[in-house]
Structure formats: C-alpha cells, structure tokens
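Single-letter residue listing:
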Amino acid sequence: MKLWFKLFISSVLIVITAVNVTMTWMLSTNLSAMLANERENAAVHHEYLCTLIKDAVAYERLSTDAFMVTEDEIGNIAEKIFMAQLREGSSAVLFDESQSAITDNTDEFSLSDMFSAANDEKSISSAIKKVPSDNGEEYMIVCCSLIRLEGKNYYLTDSRNITEIYDQNREQERLSGWVSIISTVLFSVVLLIVTKLFLRPLDRVNHTLKVIAGGNYSKRLKVKGSEEFRSLSENVNLMAQSVEENYNKIQSVADERKQFIDSLSHEIKTPLTSVLGFAELMRMKPDLSSDEVLDYSSIIAEEAARLRSLSGKMMELVSTGNGSLEKHFARLDELLTEISVVFEPIIKAKGVKLNVVTEPVVIMADRDLFKSLLYNLVDNAVKASPENETVSFSCKEERGFAIITVSDNGKGIAPDEQKKVFEPFYMTDKARSRKAGGAGLGLALCAEIAKKHEAVIRLKSEVNKGTAITVTVKAGGAGYDENNK
Amino acid sequence: MAEILIVEDDENIAKMISITLSMEGHSFDVCYDGLTAEKMIGQKAYDVILLDIMLPGQSGFELLSKIKPENGAVIFLTALQDVSDKVKGLKLGAEDYIVKPFEPIELLARIEVVLRRQNKAGTVFRYGDIEADESKHTVTKGGQPVTLTPKEFELLIFFMRHKGIALTREKILYGVWGYQFMGETRTVDAHVQQIRKKLSLQNSIVTIPKVGYRLEAGDSL
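From first to last, the protein sequence lines stand for chains A and B.
Residue numbering for the first sequence follows the working numbering, starting at 22 and increasing by one per position.
Residue numbering for the second sequence follows the working numbering, starting at 1256 and increasing by one per position.
Please note that the accuracy of each hint is not assured.
Unchecked claim - Calculated pairs, PhoX-like style, for lysine-lysine (alpha carbon to alpha carbon, straight line, at most 25 Å): (1) A:Lys369 with A:Lys279; (2) B:Lys1341 with B:Lys1323; (3) A:Lys374 with A:Lys417; (4) A:Lys404 with A:Lys369; (5) B:Lys1341 with A:Lys279; (6) A:Lys279 with B:Lys1346; (7) B:Lys1294 with B:Lys1343; (8) A:Lys348 with A:Lys374; (9) B:Lys1343 with A:Lys279.
To be verified - Ranges between beta-carbon positions, derived for each pair: (10) B:Arg1372 with A:Ser345: 52 to 62 Å; (11) B:Ala1445 with A:Leu309: 46 to 56 Å; (12) A:Val339 with B:Glu1439: 34 to 44 Å; (13) A:Lys472 with B:Phe1413: 54 to 64 Å; (14) B:Arg1441 with A:Val363: 48 to 58 Å.
Said to hold, decoys possible - Computed from the model, here is a short list of chain B residues facing chain A with C-beta under 10 Å: (15) Met1271; (16) Met1295; (17) Ile1308; (18) Pro1356; (19) Glu1358; (20) Pro1359; (21) Ile1420; (22) Leu1422; (23) Glu1471.
Derived by calculation from the structure, the hints in this document are not laboratory data.
The beta-carbon is built from N, C-alpha and C at its ideal position, and this holds for glycine as well.
Could you build all of it, start to finish, from the sequences and the hints given here?
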C-alpha cells in the first residue's frame, strides 16, 4: 500500500469516528436534558392541578355548606378543572382509592405501575410511556400522585404528549448524519490534496533517483521543501556525487586500458599483417623473381624485428610496473659515462656528437632501471638529432636534487603533442619511428621508471629548435660509502 | 578489372596489398594518410576503397562518414578487437571489414564479394575452350555441355577466379566448402581429380608439392 494512501485512509477513519462519536454523544445528552426539563414541567403542572382540585373541593364544601363533598361531586369538579386547564395533547384522570377512574379515562396506557410508586401526597412519580398510535409511536410523560380529599385517598394522573421532543431528536440525528457525511467527503478531498502536496517532494526524489539509477550520474536533486526533504535531497546528492566520481574514475581507467589495448593490438597486428601477407605472397605468387624474394623476405625480417622490439619493451614496461625496486646508492656520473660508451658506435654511424658533462652526484636508484631510463632519453635525442649536431647529456647537483639533462637540436615537438609523448604507443612521426624500430613505448617506460624513483621528468621543446628533457631526482649522498656500492 | 584505392599508413602493408591486387589484375592508387585520401576520393570514382582505421590526418571513421556511395564501396581494415568498432564502421556505410592480420587471399575474396554485389564482377568465366556461367550454373567445353556436381562446379569457379595463384588445400577447403566444413584435404584432391578428368585439365591444374594446386594462367582467354 502506498504511503499517501495509508496516511489518507487512517486520517479519514479517525476523523469519521471522532465526528460520529461526538455527535451521538451530544444528541443523547441533549435529549436527556430536554426530557429532564419536561419531567420538571410536568411535575409543576401536576402539583398545580392538585392544588386547583383541592382548592375547588374546599370551596365547594364551604359554598354548599355541606359536611363533605361526595366522590361524585369531586369527580365533577375535577372534570371541570381538567376541561379548563388541559391543553391539546394532555389529559388527566382522577382515580379513587381502589384505582377506578372517577373522571373520563381516555388514556390508552396502563397506569397500574404508577399507583404503587405514588404512596404519599408529597411524592410525584413520573414516567415516559411509549404509546402506539396511527402514525408510528407517541411518547407520553405521565405523572401520578396521591391526593387526599375529604378524608379519602385519590390518585391523580396527568399525561402530556412529548412525541415532539423525540421527533426533534430524530430530526437532529438525521441532520447530523448528513453533516457527518458531507464533512467527511469535504475532509477527504482536502486531506487528499494536502497529503499529495506534502508527499510530492517524495515523488520528485523518487523520479530523480530513477534517472540516476538509470546511469545519468550527473543528475542532482534540487534542495527544497520541508526540512526532512532538504536533508534527504542533500544526502541523495552526496551519494550521487560519490557514485559519479567513482564511476568516472573507473571509466577513465577503463578508457585508458581500452586505449592501451587498442594501441597494443594495432602495434602487434600491423607488423604481423605484413609478415603474414608477404609470406603468403611468396607462397602463392607465380614466377617469383629473386629480387622479389629478397624484397619480401627483408620486409618480413624488418617487421619481425619490430615485433621483437615491441615485445622487449612491453616486457620491460610490465616488469617495471609490477616489480619492486632494489634501490642502492649509485654514482650518477658513472651511469652517464657507462651509457655514453654504449652509444659510441651508434653516434659514429649516424654522425652525431655526444657531449657528456658530469658532476659527481649520488642517488638512490635501481641501477638497471635507471640506466634504461637514461638510455631511452639519449636514444630519442640521438634519433631526433640531425647529422653533425651535438646531443648534450649532463648531470649536476642542486639544492639536494640531482638534475639530469638530455638535449638535442632536432626538429622539436609541437606543443599539443608534448603531453602525449609520454602515453604508451604515441609516436610523433610514425613512419620514421617504425623504420627505426621504435614501438612508441620508450617515453612511457621512462615515465614509469621515473614514477618508481619519485623523479620528475620535464620536457621543454620548440619546433625546429630542439628538445630538452630534464629528470630531477632526490640526491642521496649521506651514508654513501665509496667502497660499499 | 576493378579500380581500387588503398588507404593505409603502413607502407609495407600498402605494398603487400598492391602486389596482391596486381596479381588479380586490379588497378589501384595508394595513399598513406586520411587527408590525401579525401582529396583522391573527390577526384576519382573507385569501385572499392580499402580504408585503414588508424590513419594520420583524420581517422578512417571520420573519412568513412564523408564518403558517399558513388565514391566507391568501402572495405575497412582494422586491428581493433572490439565488435562495437566493426559495427560502427558498418553503420557508417562500409560494405565490409577485414581484421588485421589478414591473408592476401582473404582480401581478394572480400573484394570479389563486394564487386559481385555491385554486379561488376563477371559471372561468366572462360578458360581456353571452357566456359563457366556462374549465374546459370552451366559449364561447356568446346560448346558441349559438361555435367559437374555442385561442389565440382564451385571448385572450378574458385580456380578460374584465382588463375595463376598457388592455392593451398586449406584455402580451397575454406573457399569452396566454407568455415563449417570439417572435411579433410583429401576431399579437395578427389574433386580436383574429377575436374581434371571431366574437363581434360590434367596439364592446366598443376600440383605444387607441399602447397596445393594452381590453375596455370598462360592458357587463358
């Protein structure tokens, strides 16, 4: 069951019950008050009748100078008084001691129970009697009392029709029934509107949550409405925000990974296509000349070499990423010298000069990895450098940091490409890099190694002027022992 | 035969494709980046455009969305693994795709299918006095009808389509019987024997040791 419906139904039920109980109670109190009033009036009237009869009997005795007024005469006197005093709907009867009427008795109800209650002159017994009549039932209020006349006991009863009071009460009941129905309907309508109005923010929250759950994590709730809804909205927004942040994080990791996989598969499949294609061509081409054989097989060899270089770099990258470092003290200037020796035949072949300037600096590093970092930087610089130009390779210590600089006077890197060069498989000049056996992983590897050493790589480059890369790493001279490398 | 544009940034792959196409007698142009390709497509109508996806200048997908059907039917070459990339290419209007690495024979088969769809591939093949009509499924030798089983007929068409090219038994099995066929290469040998006998091609369909068969090209037309 929906919340608004529960609220609505329970409120309506409570109100209906309260209204009806109150009305019934009020009506019954009202009726009993009116009846009590009637009884009092009847008693007063009864007493008045008694007095009138007594006076009239006394007067009769005195005026006729009789010793006693007889029962018949008393009956006549009473008749006369009744005629004069009684109004429509009222009647009165005088009974003798033996409870037989001595005046006209038109009452259609039994009075026997009344006589036993009226056992002395002071007390007036009264009762309400239901009398069947032509149009339903009629209610009579009956009073009865003992009356002593001329030394004898008589009973006087008088009755008055009070059906009107009951009719009135019934009319009021009917009216209040209508009032309660109408008020219930009105109340329900108002309550329905109010409930819906109060719970509308809940619908809004619900709707927005559905949108968020559907994948639109940037959707936010408007913070408005009552205190509870404001706090609810704020918390929902906080939740959505953290979901969005996490989602974006995961998404960017996934995107990066997809990018990496795409590039990797491209880099693997491109040489593979050539290897497979040319091997196939050699097998299926009719009248293959020896020149063609040489051409095709050298392409196959070239592409296979590219695959080999890629797999080597990949292994290096993966092992750098996963493995833990074995950091030891290392003389940076020695590393530079070692690398420059490795490059000697290469620079000779290319006609490039390598200018090495060193200062004794000690750092904490994994020797092999750090050498690989420096090797890749120098390798890039040598490849980028035109013939007869100089590549400078230096290290120095500055404010507790070792600074290594590799710079060339090559063609430089365009500003929009400078950030991308550290991404895996990014190549500024694809065709040339591939011919040179590059896989586009060198700088990515450098970045990975630098990260492991908490070193910072900065790239400064101007198109057609050259590129300078600096690596800044903490110098760790303290505790270094020349004999204990 | 057909006019084909090769758009491929890797020089070796472009060269491999060129050689493959020239073996089949197609004429072709080569270009190495997306921007040049767009210009070339604007200047000349091609039957088929072989389009690499990862291109300098602009990507193959970008270029694909600019190519109209009258420019030529596009077969894109992709190294991407994702199915969604293939679907993307086809939705952008490509006729077909080939996943790298591919073999030359597969490339030729795909081109053949696209050309046939354009009704640019001939349905009647001639070899000496043999005439095979692919649409009517009839073969005549010197004007006399020859009865071949359906597979023998398909095998004959396969040879005629790849005249002068050495075909391995696996390739024949794949090309004629399809992927699903789990048969052995001996099935190929049996059918080749039948064709040789029925059409007296003993000297034309030569056996290449350790490789397969070749329908000699010299005797054609």
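The hints, checked one at a time:
no. : hint                                : in the structure
1   : A:Lys369 with A:Lys279              : violated (41 Å)
2   : B:Lys1341 with B:Lys1323            : holds (19 Å)
3   : A:Lys374 with A:Lys417              : holds (21 Å)
4   : A:Lys404 with A:Lys369              : holds (13 Å)
5   : B:Lys1341 with A:Lys279             : holds (15 Å)
6   : A:Lys279 with B:Lys1346             : holds (21 Å)
7   : B:Lys1294 with B:Lys1343            : holds (23 Å)
8   : A:Lys348 with A:Lys374              : violated (32 Å)
9   : B:Lys1343 with A:Lys279             : holds (16 Å)
10  : B:Arg1372 with A:Ser345: 52 to 62 Å : holds (58 Å)
11  : B:Ala1445 with A:Leu309: 46 to 56 Å : violated (29 Å)
12  : A:Val339 with B:Glu1439: 34 to 44 Å : holds (42 Å)
13  : A:Lys472 with B:Phe1413: 54 to 64 Å : holds (56 Å)
14  : B:Arg1441 with A:Val363: 48 to 58 Å : holds (57 Å)
15  : Met1271                             : holds (4 Å)
16  : Met1295                             : violated (19 Å)
17  : Ile1308                             : holds (9 Å)
18  : Pro1356                             : holds (4 Å)
19  : Glu1358                             : holds (5 Å)
20  : Pro1359                             : holds (5 Å)
21  : Ile1420                             : holds (5 Å)
22  : Leu1422                             : holds (7 Å)
23  : Glu1471                             : holds (8 Å)
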